[in-house]
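The whole structure should be built from the sequences, with the hints applied where relevant.
Next come the chains, spelled out residue by residue.
Number of protein chains: 2
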Amino acid sequence: MNKWLLLLTCSIFTTSAFTQEQSLRELYAKPQHEWPTIISSKDVPAAPLKPLKAKPFKQSDEIIALGEKLFNDTRLSRDNTVSCASCHESRLAFTDRRKLAVGIDGQVGTRNTQAIIGVDHWQTFFWDGRAKTAAQQALMPIENPIEMGSSVELVLNKVNSAEDYKSPIFNAFGKEALNKELLALALVAFERTFDIPESLFTRFIDKAQTNPSEAVALLDDQQLEGLHLFRTKARCMTCHEGALLSDNEFHVTGLHFYGRKLQDLGRFEATQDPADIGKFRTPSLLALQQSTPWMHHGGFQSLLGIVNFYNAGGARPKPSKKFKDDPNYPQTTELLHKLALSKDEKNALIAFLETL
Amino acid sequence: MNKWLLLLTCSIFTTSAFTQEQSLRELYAKPQHEWPTIISSKDVPAAPLKPLKAKPFKQSDEIIALGEKLFNDTRLSRDNTVSCASCHESRLAFTDRRKLAVGIDGQVGTRNTQAIIGVDHWQTFFWDGRAKTAAQQALMPIENPIEMGSSVELVLNKVNSAEDYKSPIFNAFGKEALNKELLALALVAFERTFDIPESLFTRFIDKAQTNPSEAVALLDDQQLEGLHLFRTKARCMTCHEGALLSDNEFHVTGLHFYGRKLQDLGRFEATQDPADIGKFRTPSLLALQQSTPWMHHGGFQSLLGIVNFYNAGGARPKPSKKFKDDPNYPQTTELLHKLALSKDEKNALIAFLETL
Numbered sequence: 001m002n003k004w005l006l007l008l009t010c011s012i013f014t015t016s017a018f019t020q021e022q023s024l025r026e027l028y029a030k031p032q033h034e035w036p037t038i039i040s041s042k043d044v045p046a047a048p049l050k051p052l053k054a055k056p057f058k059q060s061d062e063i064i065a066l067g068e069k070l071f072n073d074t075r076l077s078r079d080n081t082v083s084c085a086s087c088h089e090s091r092l093a094f095t096d097r098r099k100l101a102v103g104i105d106g107q108v109g110t111r112n113t114q115a116i117i118g119v120d121h122w123q124t125f126f127w128d129g130r131a132k133t134a135a136q137q138a139l140m141p142i143e144n145p146i147e148m149g150s151s152v153e154l155v156l157n158k159v160n161s162a163e164d165y166k167s168p169i170f171n172a173f174g175k176e177a178l179n180k181e182l183l184a185l186a187l188v189a190f191e192r193t194f195d196i197p198e199s200l201f202t203r204f205i206d207k208a209q210t211n212p213s214e215a216v217a218l219l220d221d222q223q224l225e226g227l228h229l230f231r232t233k234a235r236c237m238t239c240h241e242g243a244l245l246s247d248n249e250f251h252v253t254g255l256h257f258y259g260r261k262l263q264d265l266g267r268f269e270a271t272q273d274p275a276d277i278g279k280f281r282t283p284s285l286l287a288l289q290q291s292t293p294w295m296h297h298g299g300f301q302s303l304l305g306i307v308n309f310y311n312a313g314g315a316r317p318k319p320s321k322k323f324k325d326d327p328n329y330p331q332t333t334e335l336l337h338k339l340a341l342s343k344d345e346k347n348a349l350i351a352f353l354e355t356l
Numbered sequence: 001m002n003k004w005l006l007l008l009t010c011s012i013f014t015t016s017a018f019t020q021e022q023s024l025r026e027l028y029a030k031p032q033h034e035w036p037t038i039i040s041s042k043d044v045p046a047a048p049l050k051p052l053k054a055k056p057f058k059q060s061d062e063i064i065a066l067g068e069k070l071f072n073d074t075r076l077s078r079d080n081t082v083s084c085a086s087c088h089e090s091r092l093a094f095t096d097r098r099k100l101a102v103g104i105d106g107q108v109g110t111r112n113t114q115a116i117i118g119v120d121h122w123q124t125f126f127w128d129g130r131a132k133t134a135a136q137q138a139l140m141p142i143e144n145p146i147e148m149g150s151s152v153e154l155v156l157n158k159v160n161s162a163e164d165y166k167s168p169i170f171n172a173f174g175k176e177a178l179n180k181e182l183l184a185l186a187l188v189a190f191e192r193t194f195d196i197p198e199s200l201f202t203r204f205i206d207k208a209q210t211n212p213s214e215a216v217a218l219l220d221d222q223q224l225e226g227l228h229l230f231r232t233k234a235r236c237m238t239c240h241e242g243a244l245l246s247d248n249e250f251h252v253t254g255l256h257f258y259g260r261k262l263q264d265l266g267r268f269e270a271t272q273d274p275a276d277i278g279k280f281r282t283p284s285l286l287a288l289q290q291s292t293p294w295m296h297h298g299g300f301q302s303l304l305g306i307v308n309f310y311n312a313g314g315a316r317p318k319p320s321k322k323f324k325d326d327p328n329y330p331q332t333t334e335l336l337h338k339l340a341l342s343k344d345e346k347n348a349l350i351a352f353l354e355t356l
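Chains as they are written, first to last, in this note's numbering: chain R, 1 to 356; chain V, 1 to 356.
I should point out that these hints are in silico values taken from the structure, not numbers from a laboratory. Since this is a predicted model, take the numbers as computed values, not measurements. Every residue gets a Cβ at the ideal spot worked out from N, C-alpha and C, and that includes glycine. Among these hints, one or two may not hold up.
Stated by the list, open to error - Only pairs whose alpha carbons sit at most 30 Å apart, straight line, appear in this in silico DSSO-like list of lysine-lysine:
hint, chain 1, residue 1, chain 2, residue 2
1, R, Lys69, V, Lys343
2, V, Lys42, V, Lys346
3, R, Lys58, R, Lys69
4, V, Lys50, V, Lys338
5, V, Lys343, R, Lys322
6, V, Lys346, R, Lys261
To be verified - To give an idea of the chain V side of the interface with chain R (calculated C-beta under 8 Å), a few residues:
hint, residue
7, Arg91
8, Leu92
9, Arg98
10, Ile104
11, Gly106
12, Ser342
13, Lys346
Written out as structure tokens, the structure is:
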């Protein structure tokens, strides 16, 4: 190639790359409603990104303190070995960094521990949404035979007769004893105080509310491109939208292992509706790094693995001969598409996910 | 095939299988010194299986109680989020069921948490043996930047000035304050009280001391065959011998990932001796189920995976071109051989390992 032509070509490439980044920076330096339109696979518009805030109503410090004591108390389990905090560790965004949760007698559960983030914002709880409120959720692990293996009644007996609970219970509620409702209320009061860990994303999205140009300066070019892809081409906000980075809905992404050893019927377990087989609740992506490994089965521990999975349009397992005519064989959601992300785009998306 | 010949053949097979099991049962119903000779790859005889007992000397209840309080105290870490118990959970034979340990700020360590079993019996501590005594070991995580990230001095300041430690320290030692030695002593005093979880194997090996025929009746045919393989053809006792099911030595089994992303130089990190590159301390196999996932990198979570690994004679990675002439490239120990275990033999060995 002619030397001048080569120089010219390089210069065009450089300029064009420069221009693209410039324009992304310019675009994202504007107020959020002027950012590039979110691309999602849903018909309804996705909720914009925003900071996650607890609802203003807060319980008294004494109730929160009682909740904290209960949350960390192994007496909530049958054999006094497992507390809420055994699986929900504050230093790990209230997860445990295990593939699958572990209950009493070292029993391994069937699902990955979910982070406790934004309890005020969920419409359901658990991967299958079997609890409708945080208070319902809080009591369920107590009675789950492979988690705490106890009963609420037994826990109330233990706690109400324990010397070290006398003052905390009285200080919180002006009563001698907890009942089921107050036990749940105290636990949830404590959970409502959990802040998501500060991250580059939390700083960015806080700042973006008031000063978008300062906000965008916090992101490097690759992270900014990743944010843009997250909002557009990669269609992440189809399901991961709003302050919670979740649509509060249930989807089949194809990891149900229907008819196989790792089978998990997901939301069907809560509803018994065959249409819910293989659906799982969209988790928040906040505190993503702290909540590794990911997915309901904890089977992913690399962001590249996740990005490749969605780049391929999720999993679309083919029923074996045995299940060929099974009407319940789960169909992977049509919201997922092949994305055709380039290697650089994947890396940029990962760079953004790492800011969460 | 002639019907009578078929029947005859079946009958021969049945009889021979029956005879083999019968004779294993008969053999193992005898006192242990009459059991089939242990086959190992070492020149020295392997130490026989026996119950693991703490040495008789025990510290006072007050010292043990102080040790327990310290062991469970997150104030031992810089940011008050990590205690010894964060990674060493009593319900999991003092492991954490994570692939790799997790310290302050959610930092992921480089190695799998080891069970705390038989502290009296080890000649070294950690996968690389960098501590020579349990007391040395106990203080090291405090100062490790990705574990507790603190310093012994800082911990002593915190603990000695804490109101809730005043009585426990005085009751234990008749002093106002702990020093480094007493801190370690209390922690180890508590660790010395850890019993390995009761299991079919612990019941079997206890009973085998006094009543071998009752002991062998505890095992089913497959478990018994597995025990026999463990002691003979599978050569497990080459390294997993005696009460601890460990030879207290360091070996290269081939999982060092030398020159690659997961590289772990093992014992070399403690000794700086190139001959120690890629060597890891033989772990105990007691409480095997509770301490999953296994190996220094936590990369194995199925016993079949482990059995296949040793059946193949361990890993013998070939140096890439870059390391072809590297004199430090670790050689996998010659103690490991291909074992040629049949599928049934593998299953029997696994059935035995599951009793541990």
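Sort out whether Lys343 (chain V) lies within 30 Å of Lys69 (chain R), counting only the CA atoms. Violated, because 51 Å separates the two Cα atoms, which is more than 30 Å.
Should the interface hint for Lys346 (chain V) be scored as holding, given a Cβ-Cβ cut-off of 8 Å against chain R? violated, 18 Å
Going straight from one Cα to the other, do Lys346 (chain V) and Lys261 (chain R) come out at no more than 30 Å? holds, 21 Å
Interface hint for Arg98 (chain V), Cβ within 8 Å of any Cβ on chain R: It holds, given that the least Cβ distance between Arg98 (chain V) and chain R is near 5 Å, below 8 Å.
Should the interface hint for Gly106 (chain V) be scored as holding, given a Cβ-Cβ cut-off of 8 Å against chain R? Cβ of Gly106 (chain V) sits 5 Å from chain R, so the hint holds.
Does the CB of Ser342 (chain V) sit less than 8 Å away from some CB of chain R? violated, 23 Å
Would the hint linking Lys42 (chain V) and Lys346 (chain V) be met if the CA-CA limit is 30 Å? With Cα atoms ~22 Å apart, Lys42 (chain V) and Lys346 (chain V) stay inside 30 Å; holds.
Hint check: is the beta carbon of Arg91 (chain V) less than 8 Å from a beta carbon of chain R? holds, 4 Å
Does Ile104 (chain V) pass the interface hint, meaning its C-beta sits closer than 8 Å to a C-beta of chain R? holds, 7 Å
Satisfaction of hint between Lys69 (chain R) and Lys58 (chain R), Cα-Cα up to 30 Å: holds, 17 Å
Are Lys50 (chain V) and Lys338 (chain V) close enough, with their CA atoms no more than 30 Å apart? OK: Lys50 (chain V) and Lys338 (chain V) at ~27 Å, within 30 Å.
Are Leu92 (chain V) and chain R close enough, Cβ to Cβ, to be under 8 Å, as the hint says? Holds. Min distance 6 Å.
Violated hints for the displayed structure, listed by number in ascending order: 1, 12 and 13.
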